[in-house]
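**Student:** What follows is the residue order along each chain.
2 protein chains.
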Amino acid sequence: NFSKTSRKFSSTSLKNDAFSPLDTFPRRHNGSSDAEIKVMLEAIGVKDMEELVLKAVPANIRSTESLALEEGLTESELMERLKSIVSKNKVYRSYIGMGYTNTIVPSVILRNILESPGWYTQYTPYQPEISQGRLESLLNFQTMVTDLTGMDLANASLLDEGTAAAEAMLISFSARKQKCNTFFVDEKCHPQTIACLKTRSEGFGINVIVGDALKYDFENQHKNDLAGVLVQYPATDGNINDYSDFSAKIHSLGGQVVCATDLMALTLLTPPGEWGADIAVGNSQRFGVPLGYGGPHAAFFSCKDRLKRRMPGRLVGVSRDASGNKAYRLSLQTREQHIRREKATSNICTAQALLANMAAMYAIYHGPEGVTAIARRIHNLTNTLAEEIKQMGYQIKNEAFFDTLNVHIEGGADDIIRKALTVNINFRRVDNNTVGITLDETVKKEDVLDIIQVFSKDSNKKSNLVLPDKPTIPQKFIRTSPYMQHRVFNSYHSETEILRYIYHLQSKDLSLAHSMIPLGSCTMKLNATTEMIPITWPEFANIHPFVPADQAEGYEVIIKELEHDLAVITGFDGISLQPNSGAQGEYTGLRIIRAYHKSRGDDKRNVCLIPVSAHGTNPASAAMAGMEVVPVKCENNGDLDMKDLELKATKYKDKLAAFMVTYPSTFGVFENGVVKACEIIHQNGGQVYMDGANLNAQIGLCTPAGIGADVCHLNLHKTFCIPHGGGGPGVGPVGVKSHLVPFLPGHPIVKTGGDKCIGPVSAAPFGSPDILPISWAYIKMMGSKGLTSATHLALLNANYMAVRLSNHYKILYVNQQGMCAHEFIIDVRPFQKTANIEAIDIAKRLQDYGFHSPTMSWPVANTLMIEPTESESKAELDRFCDAMISIREEIRSIEKGQQPKENNILKNSPHTIEMLTKTTWDKAYSREQAAFPLKYLKTHKFWPSVGRLDDAYGDINLICSCPPVEDYLEN
Amino acid sequence: NFSKTSRKFSSTSLKNDAFSPLDTFPRRHNGSSDAEIKVMLEAIGVKDMEELVLKAVPANIRSTESLALEEGLTESELMERLKSIVSKNKVYRSYIGMGYTNTIVPSVILRNILESPGWYTQYTPYQPEISQGRLESLLNFQTMVTDLTGMDLANASLLDEGTAAAEAMLISFSARKQKCNTFFVDEKCHPQTIACLKTRSEGFGINVIVGDALKYDFENQHKNDLAGVLVQYPATDGNINDYSDFSAKIHSLGGQVVCATDLMALTLLTPPGEWGADIAVGNSQRFGVPLGYGGPHAAFFSCKDRLKRRMPGRLVGVSRDASGNKAYRLSLQTREQHIRREKATSNICTAQALLANMAAMYAIYHGPEGVTAIARRIHNLTNTLAEEIKQMGYQIKNEAFFDTLNVHIEGGADDIIRKALTVNINFRRVDNNTVGITLDETVKKEDVLDIIQVFSKDSNKKSNLVLPDKPTIPQKFIRTSPYMQHRVFNSYHSETEILRYIYHLQSKDLSLAHSMIPLGSCTMKLNATTEMIPITWPEFANIHPFVPADQAEGYEVIIKELEHDLAVITGFDGISLQPNSGAQGEYTGLRIIRAYHKSRGDDKRNVCLIPVSAHGTNPASAAMAGMEVVPVKCENNGDLDMKDLELKATKYKDKLAAFMVTYPSTFGVFENGVVKACEIIHQNGGQVYMDGANLNAQIGLCTPAGIGADVCHLNLHKTFCIPHGGGGPGVGPVGVKSHLVPFLPGHPIVKTGGDKCIGPVSAAPFGSPDILPISWAYIKMMGSKGLTSATHLALLNANYMAVRLSNHYKILYVNQQGMCAHEFIIDVRPFQKTANIEAIDIAKRLQDYGFHSPTMSWPVANTLMIEPTESESKAELDRFCDAMISIREEIRSIEKGQQPKENNILKNSPHTIEMLTKTTWDKAYSREQAAFPLKYLKTHKFWPSVGRLDDAYGDINLICSCPPVEDYLEN
Ligand SMILES: Cc1ncc(COP(=O)(O)O)c(C=O)c1O
Ligand SMILES: Cc1ncc(COP(=O)(O)O)c(C=O)c1O
Ligand SMILES: O=C([O-])O
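Note that the protein sequences, when read in sequence, are chains R and B.
Take the first sequence: its position 654, counted from the start at 1, is 654 in our numbering, and no numbers get skipped.
Take the second sequence: its position 189, counted from the start at 1, is 189 in our numbering, and no numbers get skipped.
Hints in this document: simulated from the structure, not taken from any laboratory.
These numbers come from a predicted model, not from an experiment.
The list makes no distinction among identical chains, and a pair is therefore deemed to hold if it is satisfied within one copy or across any two copies.
In silico lysine-lysine, BS3-like type, Cα no more than 25 Å apart, as pairs:
#: 1; residue 1: Lys179; residue 2: Lys308
#: 2; residue 1: Lys445; residue 2: Lys83
#: 3; residue 1: Lys445; residue 2: Lys785
#: 4; residue 1: Lys462; residue 2: Lys390
#: 5; residue 1: Lys508; residue 2: Lys918
#: 6; residue 1: Lys935; residue 2: Lys918
#: 7; residue 1: Lys941; residue 2: Lys326
#: 8; residue 1: Lys223; residue 2: Lys304
Go ahead and model the full structure; you've got the sequences and the hints to work with.
**Tutor:** Put into structure tokens, the structure is as follows:
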């Protein structure tokens with residue numbers, strides 16, 4: 001029974017039996033000591049953790065058993081275990097290509113970005129004044145992509161090449177005013193890209209035709225219903241095709257030309273933007289991001305100016321701050337799905353910021369000359385290899401190539417591939433008769449000699465490798481336009497310079513290394529070093545996603561064990577780790593539900609009930625999955641309106657596909673009605689989809705499956721410690737009950753999913769395997785007790801803060817016992833009238849206090865939602881509460897007329913050093929009040945690097961690549 | 001001939017042959033591009049690098065051959081090679097003890113201090129206003145040591161336990177007014193400590209007696225000539241002895257009691273300060289610093305208040321800044337050897353700051369309860385093991401123990417040790433009949449079972465490991481006093497909290513990650529990531545210094561190859577890597593010279609000629625080596641006064657031991673007379689000792705041996721890229737000509753050195769092997785050409801800056817062609833009269849410009865010595881020159897009376913944000929002028945965290961541990 005579980009609340013203090021090892025992890029992950037916990041419990045007015053849980057969590061969902069997981073490992077035990085697991089991975093030389101190639105990650109970037117908490121613990125830069133560093137870096141990424149693809153602008157990354165192509169397909173439809181139904185995909189695109197595109201097309205009933213684009217008779221077949229085409233350049237077989245006339249033809253039919261491409265090749269080839277493509281997509285992985293068995297890497301998306309307002313994902317733009325200084329920000333926020341909801345054309349939210357930053361830094365470190373030299377060398381080696389292979393009597397199928405050869409070996413592909421494996425080399429098996437070889441920057445002369453040896457019948461063949469002097473890239477493809485001419489790509493080529501640039505940017509950005517980031521719904525908890533260390537081990541980092549299974553046995557252990565542990569934690573029967581973000585998880589889950597209904601002949605079930613309080617990705621994902629969204633009301637107290645739910649469920653009885661619910665609710669409350677709600681849905685033939693964003697409040701106390709959900713996505717980047725990386729990477733696995741297991745997503749190259757699987761939702765079979773060890777390690781080190789203690793503390797911390805702040809602010813939405821779950825909302829709407837103050841003013845003023853704002857105006861406009869997580873200490877919670885209380889007093893001084901309604905300490909916030917050191921000071925408050933309103937700030941101040949952003953200016957004057965040099969301050 | 005060498009100037013640009021790999025290193029290490037180099041050459045007025053070298057370096061010393069080293073490896077080739085080398089090391093479980101034990105390095109500390117350029121690239125905190133972070137951290141170290149040893153104060157680290165004991169011995173002599181000659185060492189001290197102490201005693205003719213301290217008849221034997229005693233607590237055999245009565249006896253004889261001890265044991269044992277010891281020394285390695293085959297680790301030194309002004313090494317103290325705020329600084333700077341010269345009682349300069357910081361953070365992360373729990377667990381395991389071993393019929397020789405057992409096995413020690421090796425376990429071989437076993441925090445129950453198995457005759461022996469309930473630490477030894485009660489040790493026990501604390505401290509400190517640190521004579525060049533990555537690989541990190549040679553074969557390769565390469569670079573015939581700092585290298589070299597003379601019967605040769613311009617460690621080291629220092633004059637132009645040299649050399653003909661010379665000179669000039677000077681010395685029977693601090697100007701152009709030196713120390717922490725770590729670690733190898741090779745230092749445990757070796761100068765046989773891969777990697781990646789190009793650029797950069805600054809400042813000391821070497825001095829003495837401005841004012845004002853000051857007032861009072869190194873880019877050199885020129889204009893405004901002679905922009909510098917945001921502003925200049933005198937500062941400002949330090953206050957009110965909590969600002 002429950003009280004047994006609860007009595008197991010594991011203290012954060014040291015074990016003291018005589019021999020047990022002491023480097024236990026839960027006391028490092030959790031923020032407070034036993035003594036502090038006691039004080040917080042007292043403040044809330046409960047006698048122990050058990051009482052807190054009893055009051056916060058409804059009885060009918062509480063688990064009666066503790067989690068059936070192993071005891072937590074200590075940090076050093078974990079490292080030992082992981083080393084033995086990773087040693088099962090075999091790092092071969094992979095020439096498989098298909099959008100993934102080996103790369104040399106510059107050590108200085110590896111260590112100071114990918115391995116640096118100052119970068120990886122950042123949140124998405126929604127607070128631009130304390131995020132100028134990564135905004136600049138993402139703008140560099142956009143500029144690099146724009147330049148290399150020859151387009152007008154690019155976004156700040158997408159999840160992978162496959163889904164980026166799918167996004168491009170959808171834009172082709174939205175861009176065509178006329179209704180149309182067909183999208184054409186060239187058969188020489190990467191197979192996983194074609195598969196992702198097909199998956200996405202299904203929700204919309206799009207007719208995807210796969211064929212030979214250059215031969216297809218578009219004029220006669222699709223005069224009026226062609227939205228666009230996708231071609232790959234260079235193609236998956238390595239060939240470089242001329243699509244200029246083709247593009248003109250497609251345009252004349254009203255379609256868009258989407259080009260999947262390769263940034264490295266584009267340093268040498270005429271970019272798609274110059275031969276007529278409208279959109280370019282691809283993977284930036286080979287710009288210094290480890291393979292990681294498939295991810296995470298940053299996909300890119302660039303397009304022509306006229307498509308810019310349709311572009312999916314985040315877009316950094318140049319604007320100005322309150323003093324008129326240049327400042328960066330996320331542009332066109334109105335496009336984001338949390339505003340557009342079911343009208344959104346994309347559900348992308350978390351993307352791949354950290355990896356985009358790495359790729360941008362790679363470009364900056366090498367500069368245009370450097371990357372061109374790398375590309376040229378790769379091409380030289382490929383060219384030389386081609387010549388040698390031809391001399392041995394083989395035919396190279398693709399005439400024009402950059403780095404990839406398709407070698408014809410009548411009936412002999414498998415033999416060659418087997419022979420290659422004996423010398424630790426992986427080729428691509430294209431078909432019975434064809435072997436693919438893709439070279440990359442890590443390839444050395446000796447590697448090429450080894451490849452030649454595989455093809456040679458003479459086992460002692462010697463070769464000199466002479467560069468053939470006949471050109472292989474036809475003149476018409478040779479790039480003539482310059483790229484990466486901006487100063488940022490031409491200044492930091494020594495290690496000292498790039499190190500300082502990385503540090504300079506980092507110094508502008510607030511991260512978890514500075515102070516708590518209490519973003520409701522985002523769960524900004526500790527990303528522990530021991531969890532992070534393994535991801536850059538070469539045995540994890542340097543594995544191609546399509547290697548034979550026996551080379552990835554270490555990964556298999558991690559994947560299997562993580563799936564198992566997540567199933568235990570959620571109560572589900574099957575897990576897929578393929579989705580790369582929460583929103584992708586939603587999409588996957590809904591597609592699984594659709595497939596399930598269809599498998600039972602329930603084709604009509606396409607209505608999705610979604611509470612009005614839901615996160616914007618919910619309706620957006622439902623729309624992507626081809627569902628009709630029907631909103632469900634909420635009560636004034638935030639609870640689901642059960643009457644309305646019942647009404648809608650019955651009304652759409654025959655069409656009801658799913659109900660999406662977040663639990664605890666997006667308002668931060670364990671609602672009583674949740675079990676009932678699930679019953680209603682099931683009674684009406686629907687399936688229950690749970691948005692697992694708030695799982696951090698459930699672990700060990702209840703389970704999504706136990707509550708009644710059929711599917712749920714988890715956010716490993718929230719609940720399970722994958723860092724947010726400034727806006728990605730993420731992993732959004734789905735868990736499902738047994739009846740849905742057969743439908744888990746498949747993959748065209750590596751078998752995944754069930755026997756009635758839906759198509760792949762990510763380009764790589766297991767999504768982003770390289771970061772799975774993080775979540776795996778977290779679960780292993782916390783163990784059953786540790787995980788439950790974290791949940792306890794998440795609840796305790798939120799309720800403690802709510803109690804402290806309730807004397808100063810109105811707390812919205814608590815349950816009947818007055819308890820919130822792991823987060824809570826404070827209402828600042830009254831201040832609009834009393835002091836002309838809005839949530840944004842408080843958010844910006846919090847920066848002056850050294851804090852990142854809580855979630856602003858979601859789920860309720862003009863409120864702030866606070867989620868402390870278990871990792872914050874009581875001292876930090878108090879510091880934040882002190883700041884909020886101090887701000888309340890500042891608001892009071894406006895209410896009292898001691899400060900004007902404009903030009904006051906909140907409206908002018910955040911205050912930069914530049915503002916505060918101006919000779920003239922004409923404010924109703926002092927410089928010291930502005931800068932150091934509380935004593936701790938004298939020693940612990942974090943300074944915003946620009947003043948408040950001018951959002952309107954930036955959206956009107958959209959500039960999404962590095963501003964011209966003249967705009968920069970001298971040096 | 002030379003021009004051949006010079007034409008080989010290797011461009012920093014990309015190679016462009018078709019296939020060669022592109023991740024070459026020299027262009028990353030060197031700061032400027034070919035185009036920038038061209039501009040700089042033009043500015044200097046030379047047509048190419050060759051002409052520059054011809055003008056700067058005297059013809060008679062220039063090498064005619066290029067360096068006989070391998071071609072440079074690329075970064076990825078280096079990594080591959082190093083991985084294959086390190087795989088030769090075997091990581092066994094080492095229970096050897098002797099002051100070195102395995103430890104669990106908390107990942108968060110490993111990654112965010114040891115692996116963080118923000119920490120490891122810092123310089124010694126001589127500029128306190130931009131070093132408050134590491135000063136606070138070192139103060140934490142001092143406080144921890146003070147508390148645990150029960151002393152009144154502690155310093156900020158020494159090089160190792162052996163030399164710390166030697167320093168303590170010397171203080172015992174200086175503290176005793178009466179002349180005396182004897183120092184007694186208990187035979188149960190670690191053998192390497194005894195050996196280091198003996199080495200050090202020889203220079204002074206100290207009579208060191210080794211014996212059983214508790215049985216020795218001091219009263220009758222040494223009534224009047226006993227300076228002190230050294231005991232070990234717990235002793236090297238693990239026994240805990242009661243020294244309270246003994247201490248009283250020694251005190252009554254006027255001697256000091258020095259106690260070598262173990263911080264971990266002291267959490268449980270009555271600390272030496274409480275039973276009467278006057279000085280405590282030891283190694284803090286087991287507080288979370290990797291073994292690293294012997295180093296680097298931080299030794300500690302603490303003592304009673306009355307000895308404080310005799311304490312060697314750096315001492316952090318609490319003082320206040322210009323606004324009266326609490327601020328930390330290095331105290332008692334007047335004690336530093338650059339002031340006391342030959343009257344110094346120690347030559348310690350570079351110490352072990354980075355490792356001291358790690359140890360302090362370990363203590364902070366665990367807190368007093370945590371470290372006590374660790375100690376108790378180690379003791380429990382040892383206690384249990386002892387019981388099991390006894391039950392098997394063996395005798396434990398030491399009755400009272402903490403973590404170490406000496407097991408008696410009549411004639412069977414070797415058998416047991418062999419058996420242990422078969423299961424990857426190392427014990428200590430004490431003698432034929434005795435095996436030593438020391439446990440540590442990494443030991444698990446299973447490890448203890450494995451140990452038991454080794455001793456068991458029954459190969460299937462099972463044991464339950466029951467903790468015996470009889471106490472093994474006698475009551476009188478049980479510690480009752482509290483320790484580490486300060487808030488800093490009781491606040492940061494969660495990973496989030498310690499991470500923020502580490503970042504908070506780091507954010508106050510300027511490092512190479514921010515801007516150039518142009519310290520003359522310190523060579524603050526790039527510490528490249530690829531060089532740094534290997535040092536935390538477990539196969540380097542986790543090796544005990546006294547393992548059998550076959551477990552350290554990877555290290556052997558590194559050591560041999562590095563010795564070889566350094567010999568090639570310097571022209572010497574033998575190298576010892578044992579000395580842990582430049583000063584230790586000097587000491588070693590001089591001791592070798594003495595031994596050489598003695599071996600030829602030249603006992604009387606003990607005069608050391610040292611130019612007045614020499615670094616303070618030179619005379620201090622000579623004094624340590626028991627030499628008589630005779631100064632040699634310099635000319636007005638900075639050159640050696642050859643007449644005076646000849647005079648002194650002839651005068652002391654019969655007593656002449658050595659001449660110490662720095663080359664290029666400490667004034668930054670390649671002096672013409674150097675060859676002649678060496679000849680004069682040799683003619684008079686002396687040996688030439690070269691201080692290699694300035695070797696960065698020589699590599700590839702000339703060699704110390706070629707110039708005429710017999711011995712030279714190198715600073716791997718200057719010329720060869722080991723980072724300064726905020727004041728250490730360092731490595732100061734010596735190179736010698738063949739006649740001196742037999743005298744290279746030996747070691748009592750592991751064979752090193754020649755057949756007439758002097759005693760060890762460090763506790764570990766190879767000094768600090770864990771950081772040798774850094775220098776090894778640097779040389780391997782640069783190769784012959786790369787190393788020479790670095791020297792070229794070091795000369796170019798210095799001469800370029802000198803030319804730019806010469807229009808604004810007087811440049812002291814250039815050669816007849818107007819050239820400096822790799823550094824130069826600017827004279828600011830005239831401003832004393834014209835504007836009341838001193839070097840220190842310029843140094844502090846430079847902080848406002850975001851720069852660390854050049855070397856101040858050395859070698860010439862009231863001047864600044866600038867050394868840019870090859871790693872700085874032209875852009876950075878220009879930025880620094882712009883700052884210096886702008887400051888010159890500020891001085892002019894004082895000269896012109898536009899600003900007062902006090903309370904002006906220089907005197908008030910550095911300006912903190914707190915100063916600049918005060919409501920009242922009563923200066924003759926604006927806030928903006930103070931903060932942003934140049935435009936780049938608007939975006940690239942580094943802020944000092946306190947105002948100018950009040951040095952006098954701090955020396956008078958010496959406080960050297962964390963100030964009481966009340967003094968802290970409310971957090
Ligand atoms: C409730 C909820 N659902 C879905 C999402 C989307 O997750 P992701 O950003 O991983 O796509 C979020 C993100 O914050 C969320 O809070
Ligand atoms: C010329 C010279 N000699 C000796 C030393 C002492 O070296 P270390 O600090 O490594 O002991 C220095 C240090 O800066 C120096 O500049
Ligand atoms: O004392 C010096 O390090 O120069």
